[in-house]
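Line by line, the protein sequences are chains X, F, C and P.
The opening position of the first sequence corresponds to residue 0 in numbering that gives the first Met the number 0, with each subsequent residue numbered one higher.
The opening position of the second sequence corresponds to residue 0 in numbering that gives the first Met the number 0, with each subsequent residue numbered one higher.
The opening position of the third sequence corresponds to residue 0 in numbering that gives the first Met the number 0, with each subsequent residue numbered one higher.
The opening position of the fourth sequence corresponds to residue 0 in numbering that gives the first Met the number 0, with each subsequent residue numbered one higher.
These aren't lab readings, by the way, just hints derived from the structure by calculation.
Where is the CB? At the ideal position from N, CA and C, for every residue including glycine.
Hints may contain errors.
[Claimed, not checked] Examples of chain F residues lying across from chain C (beta carbon under 7 Å, computed): (1) Gly31; (2) Trp36; (3) Ala40; (4) Ala66; (5) Leu75; (6) Thr80; (7) Leu84; (8) Ser87; (9) Ala91; (10) Leu209; (11) His212; (12) Leu216; (13) Ile219; (14) Leu225; (15) Leu227; (16) Arg229.
[As the list claims (entries may be wrong)] BS3-like cross-link-like pairs, simulated, lysine-lysine; straight-line CA separation at most 25 Å: (17) P:Lys510 x X:Lys64; (18) X:Lys295 x P:Lys254; (19) X:Lys215 x X:Lys257; (20) X:Lys101 x P:Lys464; (21) X:Lys239 x X:Lys207; (22) X:Lys60 x P:Lys441; (23) X:Lys324 x X:Lys271; (24) P:Lys254 x F:Lys145; (25) X:Lys327 x X:Lys239; (26) X:Lys75 x X:Lys64; (27) X:Lys263 x X:Lys314; (28) X:Lys327 x X:Lys257; (29) P:Lys27 x P:Lys131; (30) X:Lys148 x X:Lys207; (31) C:Lys77 x F:Lys32; (32) X:Lys70 x P:Lys131; (33) X:Lys131 x X:Lys207; (34) P:Lys510 x X:Lys75; (35) C:Lys25 x F:Lys103; (36) X:Lys64 x P:Lys301; (37) P:Lys520 x P:Lys510; (38) P:Lys464 x X:Lys184; (39) X:Lys131 x X:Lys314; (40) X:Lys263 x X:Lys327.
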Amino acid sequence: MNLGSALGYLMAQASNTASWWKPVQASPHAASVDNLFNFIMYLSFFFFVLIVGAMVYFIVKYRRKGNGPEKTSPIKGNHTLEIIWSVIPGILLVLIFAWGFKDWLAIAVVPANAMEVRVTGQKWNWTYTYPKEGIVSADLVVPVGQPIKLIMTSSDVLHSYYIPDYRIKRDVVPGKYTVLWFEPKEIAEHQVYCTEYCGTEHSNMLSKVKVLTSAKYEEWVANGGDEDGDSVPLADKGKKLYEQRGCNACHSIDGSRKVGPTWKGAYGAERKFADGSSGVADENYLRESILVPNAKVVATYPGVMPSYQGQLNDKQLEAIIEYMKTLK
Amino acid sequence: MSQQSSHAATAGHHPKYLAHHFESMDQQNSSGKLGMWLFLAQEVLFFSGLFMAYILARIFYPETFLAAHELLDWKLGALNTVFLLTSSLTMALAVRGAQVNSQKQMYWNIVATLVLGAAFLVVKYFEYSHKLHDGLLPGHFFDAAKAMHNGVPANIPGAPAIFFAIYFVMTGTHGLHVLIGMGLMLWLLVRIKRGDFNSENHVYLENVGLYWHIVDLIWIFLFPLLYLVR
Amino acid sequence: MFEKFKNKVLQSQAAEHGEAHVLPLKTYFAVFGSLLVLTVLTVLVSVIGLPAPASIIVAMVVAIIKATLVVLWFMHLKFDDRFYSLIFVISIFFLVLFFVFTSMDVLSRGQVNPEESFFSQDGTLLREEFTKKK
Amino acid sequence: MESNRNSQLQSAQAATSGGAEPSYLTAKRGIWSWLATVDHKRIGLMYLVGVLGFFAVGGILALLVRTQLLGPTTGFSAAKQEWLFSGDTYNKLFTLHGAVMVFLVIIPSIPASLGNFFLPLMLGAKDVAFPKLNLMSFYIYIFGGALLLFSIYDGAVDTGWTFYTPYSSSSSSSVVSAVLGVFILGFSSILTGINFIVTIHKMRAPGQTWIRLPLFVWAQYATSVIQVLATPVLAITLMLLAIERTIGVGIFDPKLGGDPVLFQHFFWFYSHPAVYIMILPAFGVISEIITVNSRKEIFGYKAIALSSVAIAVIGFLVWGHHMFTSGQSELASAVFSFLTFAVAVPTAIKVFSWVATMYGGSLRMNSAMWYAQAFLFLFTIGGLTGLFLGTLSVDIHLHDTYFVVAHFHYVMMGGTMTAFVGALHHWWPKMTGRMLNEFWGKVSCFFVFVGFNLTFFSQFLLGTKGMPRRYANYLPEFQNLHQLSTYGSYILGLGFFITLLYMIQSLINGKKAPANPWEAKSLEWETDSPPIEHNFHTQPIVTHGPYDFPEIDHSMSTRGGH
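Can you build the whole structure from these sequences, using the hints too?
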């Protein structure tokens, strides 16, 4: 049992921080999920050792020696044993269910004082809308210690919102809302993944949770969700948006052809449209193309771009167009 | 093993209709019938998906179903119900004809069943072409404006496109089953003419009958669900 | 009529296994007559127009009775191997299971977080927000 | 081979004289005698060739998938280098790998090939109840498989094998041809199921009572029940999906007012029971191999037989555990989680019983037995890790990560495929009349075992760490484990390649097999190896159970054991 307790100690140590096989525990949920995880794991170790141990022992002990027939036991079954190995696992299973159910309720029920953030999944990026603050952001920026309630929906296919460090996950479904909540314990950045398969760039549909101090968060809100403030040139902000908001999934900046037209030299270029008309890609055209992409689709390209209406504010639009101007 | 089968085995001769891998007609017939019942179980679960879709759409859009079913002609539905119920009767009588070894009863009852099945499809054809004309079509093809233009009150709340999609998919799948059943009956007629069936060997006839009854059974539920429900 | 019927059944069950159970023609026509009467009944109920839940319940009960008649007499389930009945009942059981569990999910959405519900308090579908966008 | 060239007249004469009757392989000759055969043994063999062929296809796809994940990671910077495949290509690869392995390999693997071959033999019958239907199922299988593979030519499907809406109803890839292929494959599965149930009910030899059936037959029976009852729901679901794509029914499509989560209910109502279609026959195989090679009665015959049926029934009640994070209601999640734990009990009973069967036996450790032990090891891990995923709170973290990938590979690959290969070793002599090389059998088992654990155990760790599944690339922190997994998969592939080599060798110049090389007691061993066309020279009459071995010492106390 010494080995077992030593192992248990190591596991307990390991579970408090990010180990090579477990994410950090960054929310109260995380600890409860990990505790049950560890319980099931030890239980599994026990049964695994029992079963495979017996198997190996029997192989060694009862292995046929020589070629002659050996007498074997006439046992056909043993009711006591069979009842024991049905009932004991049965009880343990009910226990695991009940424990999991209890923890899961805590994950499902959102506290009343939670701050609301709207999340929209779209091929292949996440958009966060702060309805009260009027902010649209590419990262989830939250104050520490404040329960956050995410009200999520998708504008195209199924996605799934997953923050391993908080041990929470929920599918983001078009046509309805799903709800998720967490309470950030410490000031840190956490990775967000999409875990419901959604196509070409599924593995790049990433985002971050940025946990700030209350003061920093207030500052961020006051700046309208712009972390950099006015110190950074508009074009650089545009470049950042290009990367964060998933423009890069379909538009190259080096002239190569992707799903959509390249941005290199796009500004001011002569455009032929799918309906046969043509025009110059000026600021108005670019603005329209971002907000109502299917109004004028460039010839030979599919009209598949989603609308960014309501997901980019004026300043951000301006920044993107300013950035496009720099790509000559 | 029943008495009969052991008798057949000891007698050493193989009855005319007995396949090589069976020991007795009893074994062969009951195998065929068991297989058919399993197939019917499969049919029930095949249709379960469609009925599930119906239930869900009704949970979501009860008002649509109340309004949209008015656009279906319950009189035609009732007529078709009578056609199918009667065809079930004639089918059952055909099987009885086989039991009492009456070639005539077998033949003419199958013919009657076939005709009633065809009548069902003709009525369905008129219903479909009417809907087509009025633009009362499933999903993307639903055209309320066209229907209104034709004087059909298609300004239905909720999702009429879903109602008509379900109507067409359910009755269409059912109609396909009717068509398959009719094909099987044509084959039965050929075999009856050939004199294949008698009181000892008619499990094929019986199985087609079972299939036909399950098709009838599904219509018994489709009729009130689609045409009558309030 | 039903007493006579029972006797017939007992006779046919006593018959040697593998023999067909020939029902009298009368039985077939009686079943067919009942089916027609029930069809008229279900149409009448609809035309009279019972209030919402009663209407569907009556319609389904009538349909189930009709289906039972067809299954028991036209399909000979009453006189055949009990195992066929078992198969049929099992298939109905799994059908009901599918209906019940899936409906249970749909009807109980949003019990913990109202945002996830399909329906508002008064039972209307909370979909406008999404359908309007399109 | 000399005698086979003789005329049919002579073979007919041989049949009357008894012993020298030609085997089913040589009784009739020519390609047409195979393509139009109604002999269950030939059909089983054709299925086997089909399954192994598709297994090779699926395996190569798997290695390509793993190789992609070896490569440099791409972050979320603008410059996304692709090391081997683009995201689209990768998505098509894993979709095809999943669809081929599930629908063309694992589902038909044991039931359609070995089940077809051995079910009538074990029952003492001349054939299955409906031989022509059996041939038809085979051609439906080939046609469905061809259609599924045709979708590659048509641009390949990229929806994942689960075909979740609305991605599948909006994806521009060749969903319809793939869906149609799977739809058709479903009917092959249904017809085989019907055929087997009727065969087991009606075709048993005199004296072959229900409690004298080999456990493989019981497992097949439970499997067939699921095939008949669940597969039609998949068919109608896929039909609805295809119609949804073309005319827009609106049940699954949120744009028309439907709910995409409903598709998951429809899909998993079939696909969870399908998991048991995949694993139950493996349970049957393991019961046979362990018992025959332990020279003992199986421990708890009735418990094992009935637990198969129990698993088949409870298996229908747990589909919602695939949907804990999908947005289904909390009530549904709780109910499904509870029922999921219920299905673990009969599974545990089986595992314990197999181990107990070895107690007090005289174990012959041949290569089939090696594979059976590998199965026990791997399936125990697969089963136990299912507990994590059935638990509501823990599943929230693990759902759709590599933990799930590892779990179902431990069950499907470590369980079913290991049992399948083990069963091939066990029954190869009967099917082909040749022995396999025991030494290389053990070598390949060793490679498969080591390679498998390297490949998939590392994926448990990846999943716990938060690595989502179906990612064409990943963050750098996951690279070590991914590389370990990929190297493991190469070893695994090597193991199966060795198996292929010595199987070919056995066909060419393997040692001739006696009628009953493992001294088993079930009926399939009472005829020649390979069996004659009509299975038995004389109608067998069963007087004892399937595991009534001569070594069993009935004088010994049943309580004390050794």
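Q) Can you name, in rising order, the numbers of the hints this structure does not satisfy? A) 1, 4, 5, 14, 19, 32, 34 and 36
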